[in-house]
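*Asks:* Spelled out from the first residue to the last, the chains are:
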Amino acid sequence: MEYILKNGIVYDPTNNVTGEKKDVMIKDGKIVGNVSSDAKVLDVTDKLVMAAGVDVHAHIAGPKLCVGRLYRPEDERRGVVAKTDITRAETGFSIPSCSATGYRYSRMGYGTVTEAAVPPLEAKHTHEEIMSIPNIDVTPLLLFGNNWFVLQYVKEGNLEDLAAFVAAWLKIAKCYGMKVVNPCGSEAWGWGMNVHGVDDPAPYWDVTGREVVRALTQVNEMLGLPHSMHVHPNDLGHPGNYQTTIDTMDAVKDIEKNPSVIRNQTLHCTHLQFHSYGGTSWRDANSGAEPVADYINKNKHVTCDIGQITLDETTTMTADAPMEYDLYKLSGLKWANKDIELETAAGLIPIIYSPKAPVNSLQWAIGLELFLMINDPWQVVLTTDSPNAGPFIRYPRIISWLMSSDRRTEMLEGEVHKWASKRTALPTLDRVYDWNEIATVTRSAPAKILGLEDRGHLGVGANADVAVYDLEPENFDATKAANAAVIEDVLGRALYTIKDGDVVVKDGKISKVVKSRHLWSNVQGFEEQEKKVLENIMPMFNRYYTVKFENYKVHDHYIDPSIEFKIDASK
Amino acid sequence: MKTITLTLKKFSSIALEFDELKPDDIYTWSKKDFEKYQVPVGNTRFPLSNYFDIEVEGEAEGPEDVKMILDGDMGRVKYIGCGMTAGEIIVNGDADLHVGAEMEGGSIKINGNAESYVGREMRGGNIEVMGDVKEYCGTSYIGEWRGMSGGVIKVHGNAGKQLADCMSGGEIYVDGSCDILAGIHMTKGYIEIGGDVTRWPGGQMKNGNIVIKGKLSSLLEGFNPDGIIENPDIDGKQLTGKYIKYIGDIGVNGKGTLWLNAEKNRDLL
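Here the protein sequences line up with chains P and A, keeping their order.
Counted from 1, the first sequence has number 283 at position 283 by the numbering used here; the numbering is strictly sequential.
Counted from 1, the second sequence has number 31 at position 31 by the numbering used here; the numbering is strictly sequential.
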C-alpha cells in the first residue's frame with residue numbers, strides 16, 4: 001500500500017526539517033522519496049506532521065502491571081470504554097488493560113514504547129503481555145542491577161564473564177537493553193534494608209552501586225548494545241538525593257563509548273525528577289534541579305528522561321522495593337511487594353499527587369525545571385515514568401505546560417501549592433518549547449538515545465511510523481495559556497497515526513489493530529564465553545531458582561513478531 | 001411532580017441494570033421515551049417494555065420533581081438509583097445489588113429486602129430498606145479505600161457482613177442484627193445497630209462511632225475499655241441506658257469508639 005501525506009507542516013528534527021510544508025510518502029511500510037500515481041492521498045494540508053512518538057521509559061507489561069491490576073480494581077473502574085467493531089473494551093486509568101495501553105499510545109500518535117523493567121524470571125510473562133498490546137513496538141529492558149550473578153562478577157571484577165552473562169541473558173529473556181534499578185538497594189531489601197548513596201555496599205556482597213553501574217556500563221560499551229546503560233539511581237524520592245544522581249552520572253564519565261553505536265550517551269538517567277531533590281527531609285526539601293541540569297549541560301555522556309508529575313491519582317510500581325515501602329509508610333494506603341528471587345524485588349502502591357499538597361507541587365515544579373533548565377533537547381525525553389508520576393495519557397498535557405510559560409504562571413499562581421513557587425526556580429523560567437523541540441523530546445531524541453535508526457524521524461528508509469495532528473502550527477499560538485486545553489485535546493487524538501504504513505488511527509479513533517513487535521538484541525561473538533558462563537552458574541541457578549533453566553528461557557513463539565538486532569560484539 | 005410507575009410483567013433471571021434510569025437522566029422522558037429505551041440485560045440490551053408496564057404522569061422541571069415507583073419483584077434489577085442526586089424512588093418488592101450506590105441526594109425506599117452493596121460509596125441522600133440487606137451495605141467498592149462519606153441508610157431488618165467498610169461519613173441505622181466486621185476500616189461516621197452482633201465490629205477503625213444495643217458475641221482485642229457511661233450523648237445523638245465505652249482499634253492507633261449496651265453485655269463488665 002502506498003500513501004502520500006500531502007501538504008502537512010513537517011517537524012523532523014533528525015533531518016533538520018523545521019515546520020516545512022512538504023509531502024511524506026510511504027511505500028511498503030517505509031518512508032520513501034517518491035510513490036506511484038496509485039498512492040492513496042491523505043490530505044493533511046497545514047496540519048502538524050511528525051514521526052510517530054517514541055517512549056524511552058514506561059511500565060506497560062510484566063508482573064508489576066499484573067499485580068497492580070489485581071491490587072487496584074478501583075483503578076480498573078476508571079477509564080472504562082465499551083468495545084467497538086475494531087477494538088476490545090478498555091479499562092483502567094493508571095494501569096490500563098493491555099489492549100487499552102496499545103490503543104491509548106496509538107491515539108496519541110506513538111509508535112514505539114520501552115518497557116523499562118523486565119526481571120529475567122518474568123520475561124516470559126512480559127512478552128506474553130506485550131503480545132496482548134497492539135499497535136506499538138516494544139523495546140523491553142532487562143534488569144541487571146541487583147542480580148546475584150552480576151553482583152558476584154562485579155565483586156570479582158570479572159568483566160569478561162559479566163559481558164558474556166549479559167549477552168546470554170539478553171538472548172534468554174529476548175530483551176533489547178540493560179536496566180539498573182537502585183543498584184544494590186533492591187538486593188539489600190532482601191535483608192529488610194536499603195542502600196544510601198552510590199558507595200553504600202549491599203549486605204553480604206559488599207558491592208556498591210557505583211561499582212555495579214560502572215561495570216555494567218563498561219560491559220554495555222564492550223558489547224556495543226544499541227541503547228546505553230539505563231539507570232534508575234539510588235535514593236529515589238529522598239530529599240537531598242541530587243548529589244547521588246550527579247555521583248551516579250559522574251561515575252561513568254571516563255568510560256568510552258563503543259564507536260559502532262549511533263547514540264551519543266553512555267548513560268541514560270531515568271525519571272530524573274525523582275532524583276533531583278535538595279534539602280535534608282520533607283520539611284526543608286527544595287529543588288535540586290539546578291545542579292543536576294547544570295551537570296547534564298556540561299556533560300554529553302548523559303541523557304535523561306524526566307518522569308514528570310501530572311498531579312493525578314496514579315499507581316507507583318518499581319523494582320525499587322525498599323523505596324515503595326518507604327512511600328507506603330508515608331501514604332498509609334496499601335502496598336504490595338513482589339520478590340523476584342535472585343534478581344530483584346518490586347513494590348507497588350496507589351498514590352495521589354495532589355496540587356494542594358506541598359511535596360507533590362514541589363515535585364511537579366522540579367520536573368518542569370529540568371525540562372526548562374537542560375539546554376539541549378536531544379538530552380531530554382518527555383516521560384512520566386508511566387504510571388509512577390502519572391499515566392502516559394497525560395503527555396499532551398505536559399506538552400501544553402512546556403509550550404506556555406503563561407499557563408505555568410497560571411498554575412503557579414492559582415492551582416498548585418506555594419512550595420512550587422517558593423522552593424524552586426520555576427517562576428523565573430520563561431523558556432517555552434517550540435514544535436521542533438517538542439518533536440525532539442518525544443520522537444527524535446528518544447529514538448536516538450535508544451539507538452534506533454529506523455524510527456523517530458521521517459527520512460527516506462525510516463519505518464513509516466507517522467503521526468498527524470489536527471492542528472495548524474502556523475495558525476496557532478501555543479504560548480497562550482488559553483490554548484493549553486486545545487493542545488492537550490488535539491495531541492491526545494491524532495488525526496492519523498500510521499504504523500509501518502498502516503493507518504491505525506484515523507480522526508482520533510482506532511481504525512486498525514496490528515500486532516506489536518518485540519525488539520531484542522542478539523549479541524554475536526560471545527558464544528564460547530556464554531557457554532562457559534552458563535556452565536559455571538548452573539549449580540547456583542539449580543540450587544536457588546524455583547524454576548528449571550529449561551523453563552526459564554523465553555522461546556521464540558513468545559516474541560512473534562519480533563525485530564532482532566544482531567550485534568557484532570567484536571566491533 | 002412526575003410519577004413514573006414501572007410494573008413488572010416479566011421477570012428476567014438475568015439481571016437488568018437500571019443505572020441509566022436515575023431521575024437525573026429521565027425527568028424529561030415521556031412514556032414514549034421509556035418504551036423506546038433499551039435496558040441492559042447481561043451483555044446485551046432489550047426494550048424496557050418487554051419487562052415492565054410503563055405509566056408516566058405529570059411533568060418535572062428537574063430530577064427533584066420525579067417519583068419513580070417500581071412495583072413487583074426487583075430481585076434481579078441492579079443499580080436502582082445508582083448515582084442519583086435528587087428525586088424519589090420507591091421499590092415495592094425486593095431489590096438486587098447496588099441500590100443507591102454512589103448516590104449523592106434524593107431518597108430511595110425499598111419495601112422488601114435488598115442484596116449486597118446498598119449505598120456503596122454513597123455521598124448524600126437517604127435510603128430506607130424495610131427488610132434485610134446483605135453484605136457490604138454502605139461500604140467502598142472492591143479495592144477502594146474511600147467508602148460511604150455522607151447520607152443516611154436505615155435498615156429495618158438485619159444487615160450482613162462488613163457493614164460500612166471504609167466509611168468516612170454519614171449515618172447507618174440497623175434495627176435488626178448484624179454479621180461480622182461492621183465498621184471495619186471506618187474513619188468517621190455513625191453506625192447504630194439495634195440487635196445482636198456476631199463478631200469483630202470496628203476492626204482497624206481509626207475513628208467514628210459504633211453503637212451496639214444488642215449482644216456482642218466476640219469483641220476484637222484491639223479495643224480498650226474506657227468506662228461505663230449512662231445515657232451517653234454521641235455526636236448530638238442521645239442514647240438511653242448504660243453503655244460500655246471502648247476505644248480502638250489500637251492495632252492501627254485508632255481513636256474510634258465502640259459503645260456496647262451494658263445490660264446486654266454483662267459478661268464484659
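It is worth saying that the hints were derived from the structure and are not from the lab.
It cannot be assumed that every hint is accurate.
[Unchecked claim] Reference excerpt, derived from the structure (chain A facing chain P, CB under 7 Å, subset only):
{"no.": "1", "residue": "I142"}
{"no.": "2", "residue": "G143"}
{"no.": "3", "residue": "E144"}
Quick reminder that beta carbons are idealized off the backbone N, C-alpha and C, glycines included.
*Asks:* Which of the listed hints are broken here?
*Replies:* Result: no hint breaks.
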